[in-house]
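Colleague: With chain G held as given, fit chain E onto it using these hints.
The listed protein sequences correspond, in order, to chains G and E.
Just so we're aligned: 943 in this note's numbering is position 57 of the first sequence, and the numbers increase by one with no gaps anywhere.
Just so we're aligned: 149 in this note's numbering is position 146 of the second sequence, and the numbers increase by one with no gaps anywhere.
Treat the hints as calculated values from the structure; they're not laboratory data.
A hint or two may mislead.
[To be verified] Derived coverage of chain G by chain E (criterion: at least 3 residues anywhere in the stretch with Cβ under 8 Å from a Cβ of chain E; other residues may be distant):
#	segment
1	952-963
2	980-994
[Said to hold, decoys possible] These stretches of chain E come out as covered by chain G in the derived footprint (C-beta under 8 Å, 3 or more residues):
#	segment
3	50-62
4	156-167
For each residue, glycine too, the CB sits at the ideal point set by N, CA and C.
Now for the letters of each chain:
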Amino acid sequence: MKKAFILSLDATIGLLVALILIAASLNYMNKAQKEPLPDVQMERMASDIVAVLNYEGLFSTTGINQIDQRLDAILPPNYYMRLEGTDSLGGVWNTNNPLPQNKMITSGTRIVIIDYGIVGPVLHPGYVRYWIWQE
Amino acid sequence: MTKKSQIASTDLVVSFVIVIISLTLIFLLWGQYYQRLNQNLEYNEMMIKALQASEILLKDSGKPEDWDGKLQSALASGEPLDGPVVEDIKKEITVIGLANQNISFQNLSNPLTGTAVLDKDRKLSKSKLDCLVTGAIIPGATIIDHTKLKQSIVSNYNVYVTIVNATQPYTQIASFGQQPLPGLGEPKRSVNLVRYGMYYDPTTKETTTIRINFVMWK
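Next up, chain G with everything else stripped away, as it sits in the complex (with noise of 0.2 Å):
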């Protein structure tokens, strides 16, 4: 009785253990198999639309509604963006949109150049915080 009980225990233990590994090297495969380079993709995007939105002169000569609009107005159908800017004169501004709680987001910062002038051009340094996900 004792030697029949070890080995089942010796078994249960054993193919607990192999279980164990199993399970563990199929989450590892399933984690490696997500891809990274579609949220490069994305967030490669994100920063074109940032830098075109710069150039288009939104960070210093309008309002956040405005910015809000044109991001609407750009972006493809099911994206959504949230940016928030910090110039070297202290100046802090938020996009509307709020960050989901669910969502994989991806975000960057990119550095730009704003023009505060209304008639020659008073330029200031600062930088662009953008987080983009999808519906």
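Modeller: Below, chain E alone, put in the same frame as chain G:
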């Protein structure tokens, strides 16, 4: 004795069956993951190349920088498109980039150094673009064909680029490269990228924000 040997052989058969099933499962899973891994590697390679190629197109003027000017000057002086002069200029071109090397809009002064910031990042040149679009300069013909474009940026993959207005209605401004059409060159695998930039037309003196749909396929 008899009973003991029977138990031993049953034990052997059962364990043998378990081992065979386990080995079969391992080989099946191995093959499946090997195939998936290969597909992922190929997809990753294509995606990286597509990202690099789109970066070059958007941010670089190419090598030489004024490759479009050289070609257009030769054609304007009456050199034929398939003539030796144009062919020589084409051979000189090692990288095709669309960024405008002569920034004529939004030349910002650098507040730190006082010199002009020639920021050509994501600002495309119409002249360079025209060299890739069929009929833009020569009716019915393209100055830079798909083969040259492939040599320059994506080597063994095909590329098809469409440029549209960034906002609706998405009017097509230009397209170039090899379109993946069913029957003609149906893609086995493709990656799609969306990029944004600006486009300045010196004739109309208008700057347009554009969306670039970049498809790389094989």
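Colleague: Take the hints in turn and mark each one as holding or not.
Modeller: Consistency of the hints with the structure:
1. Under a criterion of three residues with beta carbons nearer than 8 Å to beta carbons of chain E, the stated coverage of the segment 952-963 of chain G is upheld, 3 such residues being counted.
2. Residues of the segment 980-994 of chain G lying with their CB closer than 8 Å to a CB of chain E number 0, which falls below the three-residue condition for coverage.
3. Given a C-beta distance limit of less than 8 Å, the hint that chain G covers the segment 50-62 of chain E holds, as 6 residues qualify and 3 suffice.
4. Counting residues of the segment 156-167 of chain E whose CB lies closer than 8 Å to any CB of chain G gives 0, so the stated coverage by that chain is violated, three being the minimum.
In this structure, the earlier hints numbered 2, 4 are contradicted, and the remaining ones agree with it.
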